[in-house]
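Please build the complex by placing chain D on the supplied structure of chain Y, with the hints as guidance.
Number of protein chains: 2
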Amino acid sequence: MPDPRLFLDVPLAAGAVLVLDQGQSRYLTTVLRLGRGGRVRVFNAADGEWAGEISDADRRGATIALRDQLRPPALGPDLDLLFAPVKRHATDLIVEKATELGVRRLKPVVTARTISETVRLERFNAIAREAAEQTERLDLPEICPPALLTKALDGWDANRPLLYADEAGDDAAAPWGGQAGRAPPLLDAAQTTRAPALALLIGPEGGFDPAERALLRSLPFVTPVSLGPRILRAETAVIAALAVIQSVWGDWRSPSSS
Amino acid sequence: MPDPRLFLDVPLAAGAVLVLDQGQSRYLTTVLRLGRGGRVRVFNAADGEWAGEISDADRRGATIALRDQLRPPALGPDLDLLFAPVKRHATDLIVEKATELGVRRLKPVVTARTISETVRLERFNAIAREAAEQTERLDLPEICPPALLTKALDGWDANRPLLYADEAGDDAAAPWGGQAGRAPPLLDAAQTTRAPALALLIGPEGGFDPAERALLRSLPFVTPVSLGPRILRAETAVIAALAVIQSVWGDWRSPSSS
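Sequence order for the protein chains is Y and D.
Under this note's numbering, the first residue of the first sequence is numbered 312, with each subsequent residue one higher.
Under this note's numbering, the first residue of the second sequence is numbered 312, with each subsequent residue one higher.
If you're looking for bench data, these hints aren't it; they were derived computationally from the structure.
Hints may contain errors.
You can't tell identical chains apart in this list, so a pair holds if it fits in one copy or across any two.
Restricting the straight-line Cα-Cα distance to at most 20 Å, the calculated cross-link-like pairs of lysine to any residue (SDA-like) are [as the list claims (entries may be wrong)]:
no., residue 1, residue 2
1, K398, V342
2, K398, M312
3, K462, A525
4, K398, L343
5, K398, Q445
Bound-form chain Y, shown alone (with noise of 0.2 Å):
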């Protein structure tokens, strides 16, 4: 088993003694049932990854001190995911997936068919976080308040492309089920981005309403695309989507093939 990894926002160098909260110290000395000299990793985005060993731990919480840098600091692609947050369990596995998947800024987004539970940040960050701990990334991806659609795209970045999937079928006379109509696969669409900034839209299980959807084939920067003959509930969507962006614009892509 590899050692257990804790993300802390604090700065690490060797020979830092880290204070664990609450949380983390139980999670040690409790769940894993670690003691002084136990080893960990710690990591951060700006300080990357860092081997140490617990120095002390009582009831009242447990230190860490740091040896060696493991890995630099390094991000992987710049890659932003608008979703438009659906049923709560669903809405997590979102969360989850995608910062497993290695998406940067995970963005909720506020359309005219999104069944709006709360946006629950503290929550999806508390996710995010053991996510990024279970799938060795070095940064927690950046989870931003909701706004609505409309608003997130006035003002857009057009150096960044928008690759918008929407399940309902991508136009009104696209039969339901049926072959999405006109959008190219998500895989063309993703092969021919050079940009090194992208940005992928999911859209509520019952997709865009007409108005939305004029509006984002309107918009230079978007390019709708299919995921296949199928209809996909919002979570599969999104995971299958950015599974498809890294294989062939991130950093599933074999080295040589940039």
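Okay, now just chain D, sitting in the frame of chain Y:
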């Protein structure tokens, strides 16, 4: 909203009157509050998808009278998924998402590090059926009884290449969390496959043990693949890998690109 969609494993034909079981009757009349004349769609792999309407509905059940065929029978790509059962909720997710992503056969395999809960075939079938109804596919995936990995590989049809992703790193020397050794990216491996049948193998959270890895590497039909620089949970790996495979090998491709 599209008409509700039910899988029924009986012959479908114009004029046929189908008797629904209690669960399906209740779904239409109580959950969706449909009555006599309510429109529904019915499908199966042998007969495709049909339009029908509720011809009778009372406390004991409902019947559906079929009108016209909406879609002729059609199967998706000949894609098998071999997966090691993981925790209950994650395994349910694998079955649901593999159905959405068009897998034809789901084969639970028991590996050295499988933390084996009981494989609940009846539950898996119910999940797959609901996912198929929702995702607009015409067939249900076949869910095979669990087999030892070694048995599953014994007598393998050499015409079906097997791509395997080992989330714990692709050999004992590969650093946890580093680039996954020498395995090519899944995209590259799937892109060069011209076989009409394919299989994907995703291991348990702890990865394959050295003997399993040596066996897999020794088999001429097996190609190890990498799923990027981060460690993915088993269910994430399944969904992500299936999306990439459907994009370059399967039915997410544009009609022009085969």
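Checklist entry - Which hint numbers does the structure go against, in order from smallest to largest? => result none
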